[in-house]
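Enquirer: So the chains spell out like this:
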Amino acid sequence: MSEHASRRAVVHRSPMAAPRSFLWTRRIFLTLLTAFVVLPVYVMVSSSLKPLEDVSGKFEWIPSGLTIRPYFDIWETVPLADYFVNSIVVAGAATVFSVAVAIFAAYAVSRYTFRGKRVFTVTVLSTQMFPGILFLLPLFLIYVNIGNATGIALFGSREGLILTYLTFSLPFSIWMLTGYFDSIPRELDEAAKVDGCGPISALFRVIVPAASPGIIAVAVYAFMTAWGEVLFASVMTNDTTRTLAVGLQGYATQNDVYWNQVMAASLVVSVPVVVGFLLLQRYLVAGLTAGAVK
Amino acid sequence: MTQTAVTPPSERAVRKATPGGARAPRRSGRRRIALPYLLLLPALLLELLVHLVPMLMGITMSFKELTQFYIRNWSEAPWSALDNYTVAIDFDAPVGQALLKSFFTTCLFTVLSVGLCWFLGTAAAIFLQENFRGRGFLRTLFLVPYALPVYAAVITWAFMFQRDNGLVNHVLHDQLGIGDSPAFWLIGDNSFWALLVVSVWKGWPFAFLTVMAGLQNIPRDMYEAAALDGAGVWKQIRHITLPSLRSVNQVLVLVLFLWTFNDFNTPFVLFGKAAPEAADLISLHIYQSSFQTWNFGTGSAMSVLLLLFLLVVTGVYLLLTTRGRKTSDV
Amino acid sequence: MRRFRAAVTGAVSLSLAFTATACGGGEGSEASPKTLTYWASNQGSSLEVDKKVLQPELDQFEEETGIKVKLEVIPWSDLLNRILTATTSGQGPDILNIGNTWSASLQSTGALLPWDAKNLEAIGGKDRFVDSALGSTGVPGKEPAAVPLYSMAYALYYNKAMFKEAGITKPPTTWDEVAAAGKKLTKNGKAGIGVEGSNLSNNIHQVFVLAKQHGADFFTADGKADFTSDGAVAAVKQYVDLMATQKIVAPGNAEYAQNQSLSDFAKDKTGMVLWQTPSQTFASQGMGPEEWGVAPAPVPSGKPGTGKQTNSMVAGINMAVFKNTKNLDGALKFVKFMTSDEEQILLNKAYGSVPPVKSAQKDPVFADPSLAVIRDTLATSAAALPQVPEESQFETVVGTAVKELFADAAAGRPVTTESVRAKLEKAQQQMPKK
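Chains as they are written, first to last, in the numbering used here: chain A, 1 to 294; chain B, 1001 to 1330; chain C, 2001 to 2434.
It is possible that part of the hints are untrue.
Stated by the list, open to error - Simulated restraints on C-beta separations:
| # | chain 1 | residue 1 | chain 2 | residue 2 | range |
| --- | --- | --- | --- | --- | --- |
| 1 | A | A81 | B | T1086 | 48 to 54 Å |
| 2 | C | K2358 | B | C1107 | 55 to 61 Å |
| 3 | B | G1136 | A | E53 | 27 to 33 Å |
Keep in mind that the hints were calculated from the coordinates and are not lab data.
Cβ atoms here follow ideal geometry from the backbone N, Cα and C, with glycine treated the same way.
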């Protein structure tokens, strides 16, 4: 029922009919934006359906020679399915852990005052300011040494990559979640505490549900950070653990650039992600419900 | 530096708080003091391992003569005091000059890119707030640039920006007849705009997503009250929507800023190893100064300078935005 | 940091045995003597093709010696970074392929096993290899850092149909003839010759050869950068002038870095290219072997030879042993196997390259006209790129200078001796101080 309520809350934002100026601005803006977004996607689709000779020739809006061959060739040129599984596992695990850790940290920052809070947030944030390129060698060195000392293989393994990526998205996840948590009225968790909830159960019973759009946004962010990362993956993976972001470069070899296959492969691997987004949509617009405010 | 000074207090606090805390007088203040630290602990440990320790190592590297002759055993590379820094900031010499130029290019690029990303994202989120036909479809479509692997997205743009065969010149030159001869986008001065377009295309959906989630938390009765007072849609956006997004925006703009400033993948895939001077972003520049020329000491020194700059900017930014927020709360 | 490392090193010996098993898919330099890890470079038309070519050979090696070789084919985009991280951490493969122009740079890190007399003896001796290929294995006078595996050289490829249409009967052999042919070919949106103006390595290869033809070098005999000599400036200017003043290169080529010049060639838009073994690429662009011809790359006058008659750099792939290998004996055996006549013939045939091993070169496969040109160029008129530790910096800074000059030429800005010298001057200042 709460979801219904929220839907309605969003739908009729303004009881007054929107003026024409608003409607027209919206129409024009969204049309232009759609064109901007769609253009490269169209190029990908049309190029993925051309033979290689045509792709490297002059651009045509309507491809003259259509073929679906690239969609079969992509699996031969590069072990795409393996890379896809690696990417899903790595990005999925990194997302789950990152969001979990970030929820706890953001709860602390948002709802408690404690010594070192400012210092913590600034420190965590400062980690995002050092170019990744120079983390690369030290981090690799640390992983190798941990591997030698404990036998836990962090380099070349999915685990190492998961650990790395979850930390990459962590600072911003904490920050963004803190922002979302801050916007949830404190009365909500105070009320829960009056009802006898401990701080942790107040977090999970009240704040997490109320902040679910924010949490989803953060999860999407964490996922995409891991999904698209190139630099660390290129050095920290081997051919059994290579992720898509790096693996796609396999279509550009020393001798040939298989433009049509790059685009076909990119489209194929993006479909599941886009479908995933689609499914998450309904949670994105749930959140702070009319019922819960009362 | 900040880091070393920074971590101990919280750790000490944890240690102080935990041992006795758990069993000490029931529901005592101690336990409550320990709780936030416990909540932060996992994040802190992970950050230490993957970010802070490597960052300290990076800072150490910047004081060493870490060329190809020493990378094999770099703890034994000779200390070079501030040599790496003097090379990097000697703005009369080519290395320093190039760094300075790259820095200003990056600043301009970042301001434009963040501004456009924020604007497009916010506008799209607000326009999609109200229901109309096709809203769900557009909402998914707008996230597509974000869902495509970076490499694929950027290589597609590179493909479109080709001078002779690309879509961009096909439209601008062949179909609209702009310019006498087709323009170059991947080399020369236009490369800056090409990079900006790609960066905005890739970056704005994130702003869209974040703002869209932020909008959900604005209580509906605020709009109703405003409507009763006779405020139109534009007025509601200006007086309710935008102010309510303040805390989300504060984070969002900072996130976008740091991201864009340090973005490596976009220029690297778009231009290859040597970016045109007009689009020589700092991260690619540092990559060239370390990986390509195998001089990790100088590269680290440049990174440390970058870190200091970003710390200052972030500090000032936070000071300004939080002060603003406090006054508005009153 | 140092203390951290010390502590960790202390623990290493204890955990060695454990690590070996736990590493599983990891890099196996600490694995048992029965296995080796091999990083191969991408030579075929895709990573998968490489695996298909190499795996049967590795299986045969295992059958012969009982040593299992774990193969990883690494894309060129990652190879150097992987090698650098391996070098820094000591955690790398046992054997690896490197671009032969990296030899001296990697040699200076000390990560690669030096091929002293004893090691060379173990693979059949230095004399098995062609001299020019050996010239690109490290700093002269030092023990080589690698041994040659596949060799390639530049040649002039021409589009037969376009030549016929322009009334050119024989391929040009000198630069003047290239210019003349180029002028005939350049019309109706077609161009005489193609360049890859934004590909740094390719730029370097071309201007290096031209500098040789002007009697100049980019490094002095004692290894100091010397980019601004008259010969070097003239060489760079000559190359960029193909576009700037002779106008036989289409301006669009200034941004090429992904072999677009080859697809122009295959589409009858460009009459000539200077390239190393492009036949695979032509084929995938829909151009059959009967549609193109090959001739030695041009020289100022006369016939290709040494010194000013140089017409190619020594291109190719070397094989190196990682110094940290725990299985030196097995690694040497593997290198011996890969440089044996039988494997050399088979692998070079598969990749369209030429064996750097003398006895393998005699195989009739390499007498095919398109490969014979390359074989003869390597034997008589190819010179190795400077074998100095700063080679990789040189490629970056001078390659970038040439790229920027092409951008100027394409935009119609004048390219003068002064502007070339200024760019090279700036490039030289970016080189590490010695």
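Enquirer: Output the indices of the hints that this structure fails to meet, ascending.
Expert: 3
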